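> Listed here are the chains, written in short residue letters.
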Amino acid sequence: MHELALTQTIVEMVAAHAQGRTVKRVTLEVGKLTCVMPDALRFCFDLVAAGTSLDGACLDICEIDGRARCVACGQEFIRHAVYTTCSCGSLDFTRISGEELRIKEYELAFDGAAQIERGAA
Amino acid sequence: MCVTCGCSEGAKSTVTNLTTGETTLIADHHHLRVHGHDHHPHDHDHGHEYPVHEHVEIVPFEQAVLQKNDALAVRNRAWFEGREILALNLVSAPGAGKTTLLERTIRDLKERYALFVIEGDQTTTHDGERIRAAGVPVVQINTGTGCHLDADMVARGVGELKPAVGSVVVIENVGNLICPALFDLGERAKVAILSVTEGEDKPLKYPHMFQASQVVLVNKIDLLPHLKFDLNLCMANARKVNSEIEVIQISAASGEGLKSWYDWIAAEWRRVRDQTYGSVEKRI
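So the protein lines, in turn, are chains Y and D. The opening residue of the first sequence carries number 1020 in the working numbering; numbering runs sequentially from there. The opening residue of the second sequence carries number 42 in the working numbering; numbering runs sequentially from there.
It is possible that part of the hints are untrue.
[To be verified] Sample of chain D residues facing chain Y (criterion: CB under 10 Å; computed from the structure):
id, residue
1, Ile99
2, Val106
3, Cys188
[To be verified] Label pairs and their in silico Cβ distance ranges:
id, chain 1, residue 1, chain 2, residue 2, range
4, D, Arg153, Y, Asp1058, 44 to 52 Å
5, Y, Thr1113, D, Asp111, 19 to 27 Å
6, D, Asp263, Y, Asp1074, 29 to 37 Å
7, D, Leu272, Y, Arg1044, 47 to 55 Å
8, D, Ser284, Y, Cys1081, 24 to 32 Å
9, D, Gly200, Y, Arg1044, 19 to 27 Å
10, Y, Ala1035, D, Lys269, 50 to 58 Å
11, Y, His1099, D, Asp111, 21 to 29 Å
12, D, Thr65, Y, Arg1114, 35 to 43 Å
13, Y, Val1090, D, Arg153, 32 to 40 Å
14, D, Glu287, Y, Gly1108, 22 to 30 Å
15, Y, Asp1111, D, Gln316, 25 to 33 Å
16, Y, Leu1110, D, Gln316, 27 to 35 Å
17, Y, Ala1035, D, Ala174, 40 to 48 Å
Since the hints were derived computationally from the structure, they do not count as laboratory data. Computed from a predicted model, the values in this text were never measured in an experiment. Positions of the beta carbon are idealized from the N, C-alpha and C atoms, including for glycine.
The following block holds chain Y by itself, in its conformation from the complex (with noise of 0.2 Å):
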């Protein structure tokens, strides 16, 4: 299960990024053709920020489909499986999107945010 290594590295990468202020929220882009199960990140993820700064933090996950863009005609569609064709039958096409995993944005908690402000002051 490689979704608790990768839950083990966003916990990290945002603590370490937030600098031991409270985090309340997450959101990760995670492509529905990348072989991690959002279910499985949920899972792990109240485990793995138990007792640091993200302990309680909500984790969102936003999915983005699997665009590709046929090299036989041209045409961009959307792929449901790693293995598509393209309507036109060819299976040669360049990958898009859908492959994300990608830590977009967090949320700072109250204490946090101003203490961010009382840096930038």
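Position chain D against the provided structure of chain Y, taking the given hints into account.
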């Protein structure tokens, strides 16, 4: 039990040099240095005019989760290329015959190339011992609870192994057809092994791995007379997932087809030596 990630004591990743017998711990076990909350005193006036509950701060981050692994993989790849080393990442389900194939390959090729092996398993040094008995330097990485090797483990393994310039480094990944697909190790190519006892639909059931691989070795073909296995269907399925994948039929036990596998290694090794990179690089 560890309170940070719930792992057990036995979950630590280790590197064992089977030449010296030394085992070292891979210290960075994802544990966070930032535990708890750092309470700075609020001894000044913030001057907030709006309700506290509306005050949130969204911090844009936009970073790939695997960026650390990918950066280390780039470093490994450059290290291998600079030393004209052909690095291969062997991936398969457990029991497909990775170690048997490797033993046979070592026996047949160790006079031709300087061979070095990084063995990945969850626990035990059984496979590492088999490779050592076959007569080449080997490092065993135990991943603990981990289900895959990552670029950092390979960097540490290479640090122990110190492979020679112009050598062939074979990384035998943990037997798993899912997780290792996601983790670039810095190898030149992933070599998937699929045995005919597994069923011809394996490439469709585990498409990520076959998509990420440059070649698939269909192993145990000596058993075909005893099985209902449609070899052509299996090859068609592999190409459905990855139209550029090369398929080589072999039997590590009988030796059938191994010449084609060795020819493939020889061609890749020459490309690495001559720095003539082709289609493989486009895929990375």
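> All hints are to be evaluated individually against the structure, with a verdict given for each.
Hints, verified against the model:
1. Ile99: 5 Å, holds
2. Val106: 5 Å, holds
3. Cys188: 6 Å, holds
4. D:Arg153 to Y:Asp1058: 44 to 52 Å: At 48 Å between Cβs, range holds.
5. Y:Thr1113 to D:Asp111: 19 to 27 Å: Since the Cβ atoms of Thr1113 (chain Y) and Asp111 (chain D) sit about 20 Å apart, the hinted range of 19 to 27 Å holds.
6. D:Asp263 to Y:Asp1074: 29 to 37 Å: 56 Å, violated
7. D:Leu272 to Y:Arg1044: 47 to 55 Å: Check passed, 51 Å falls within 47 to 55 Å.
8. D:Ser284 to Y:Cys1081: 24 to 32 Å: Distance hint for Ser284 (chain D), Cys1081 (chain Y) holds at roughly 30 Å.
9. D:Gly200 to Y:Arg1044: 19 to 27 Å: Violated, since Gly200 (chain D) and Arg1044 (chain Y) (Cβ atoms, about 39 Å apart) do not stay within the stated range.
10. Y:Ala1035 to D:Lys269: 50 to 58 Å: 53 Å, holds
11. Y:His1099 to D:Asp111: 21 to 29 Å: 26 Å, holds
12. D:Thr65 to Y:Arg1114: 35 to 43 Å: 39 Å, holds
13. Y:Val1090 to D:Arg153: 32 to 40 Å: 39 Å, holds
14. D:Glu287 to Y:Gly1108: 22 to 30 Å: Holds, since Glu287 (chain D) and Gly1108 (chain Y) (Cβ atoms, about 23 Å apart) stay within the stated range.
15. Y:Asp1111 to D:Gln316: 25 to 33 Å: For Asp1111 (chain Y) and Gln316 (chain D) the Cβ distance comes to about 28 Å; the hint holds.
16. Y:Leu1110 to D:Gln316: 27 to 35 Å: Between Leu1110 (chain Y) and Gln316 (chain D), where Cβ atoms are some 31 Å apart, the hint holds.
17. Y:Ala1035 to D:Ala174: 40 to 48 Å: 44 Å, holds
Taken one by one, the earlier hints fail for this structure at numbers 6, 9, listed in ascending order.
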